[in-house]
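Q: Quick note, the sequence shown lines up with residues 1 to 338 if you use the numbering used here.
Don't read these hints as lab results, they were simulated from the structure.
Be aware that a few hints might be false.
[Claimed, not checked] Ranges between beta-carbon positions, derived for each pair:
1) 61 / 297: 42 to 48 Å
2) 140 / 75: 41 to 47 Å
3) 108 / 307: 54 to 60 Å
[Claimed, not checked] EDC-like mimics (lysine to aspartate or glutamate), calculated; alpha carbons at most 20 Å apart, straight line:
4) 141 / 164
5) 224 / 251
6) 224 / 183
7) 141 / 199
No residue lacks a Cβ here, since even glycine has one placed at the ideal position from N, Cα and C.
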Amino acid sequence: MSPIPVEDRMPQTHNSPFRARTTIDELLDDIWRIVLEYLPPLDILRLRRTAKIFASLSRDRSIWFTVLRSVCREQHLFMPTSALQGMTTAQLERSSLQPYRTFNRLKAGDISSASFTSPQLSHSNCSLQVDVPLHDGLREKTSRIITTPGGIYLLRIFYLVDVETDRPARLSLVTTHTLQLWDIGRPNAAAPHLVASFDVDGMHENDGAIDCILLLPSSRELSKLRVIIPLRMHDIPSLGSRRTCLLQVYEIDMDAEAPSFSLVRSHPNVPFMGGPQCLYATSDRLTCVTDSSHDPQRQDVTLLDLESDMMDLQHFTVQFPETRFRYDEVSRFSQRKL
1 MSPIPVEDRM PQTHNSPFRA RTTIDELLDD IWRIVLEYLP PLDILRLRRT AKIFASLSRD
61 RSIWFTVLRS VCREQHLFMP TSALQGMTTA QLERSSLQPY RTFNRLKAGD ISSASFTSPQ
121 LSHSNCSLQV DVPLHDGLRE KTSRIITTPG GIYLLRIFYL VDVETDRPAR LSLVTTHTLQ
181 LWDIGRPNAA APHLVASFDV DGMHENDGAI DCILLLPSSR ELSKLRVIIP LRMHDIPSLG
241 SRRTCLLQVY EIDMDAEAPS FSLVRSHPNV PFMGGPQCLY ATSDRLTCVT DSSHDPQRQD
301 VTLLDLESDM MDLQHFTVQF PETRFRYDEV SRFSQRKL
């Protein structure tokens, strides 16, 4: 029996319905692409200068798209998928590097307080306009403005007042506040636009609740924002001498066709002594600090797990160094396990 020629033993791909085998070069490209997606942005720039393959792959838009999503998650920045999709490769790369460049400048002492008012910095003005008719004699009075980490979205809190008296238009104990979420920094956007609006009853101008509203990204989904609102509880008995508030957590899905405020968590027994002195939040943990009702030299600390139904509550009393606690001390408590 004569041997089969070598060429007859090789796979015939030109008439085969199956795809030809991946070449070594193609396989290497796929592997290096995965490697680059897991690297910090500065390391990608360093590799860019070492070989042609890295010089080419490091300018691939899909890589920087993935890298920027990782940076947002690590740095607790908020940038939903819908915002990233409209960005060019250069914008994705620049946004991925910005947190590291800012940190390096701060570490090197290149940024002083005068730098933030320097005429060399560019400023932009935007007008937040919505076509909602107001009753005669009323105007909007802004209580607070909060921006998301990353500066793309802005939360405006306001209520209606009488033009002549400057008092709330609603003559009752509780004033209705409106929360408006605006898109002010989406790349290539023509102008700011209103994303979602929500009315809240139970916040008072003088009890500190409005100052404690938090706006932060969700830890589970990058496309969702969380709004944490403390509300005074007037219709329930105080727990001893300790007053409480109702803490509500809303989520807004920014990739939804019509984003809206959706209540996802609620807890009625958070300490409230004329307004929490400090609320520190990560994407999954909330730390609330108030003056102790039993000892003015100590503070009550309450930890809440935002990923559960806020039932895993831990409460304890501590004494911070000096009479006023420090922000970094509060952030340390947020890392405790419940």
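Q: With reference to the structure, classify each hint as holding or not holding.
A: Results for each hint:
no. : hint                  : in the structure
1   : 61 / 297: 42 to 48 Å  : 57 Å, violated
2   : 140 / 75: 41 to 47 Å  : 33 Å, violated
3   : 108 / 307: 54 to 60 Å : 37 Å, violated
4   : 141 / 164             : 13 Å, holds
5   : 224 / 251             : 6 Å, holds
6   : 224 / 183             : 14 Å, holds
7   : 141 / 199             : 14 Å, holds
Checked against the numbered hints above, the structure breaks hints 1, 2 and 3 and satisfies the rest.
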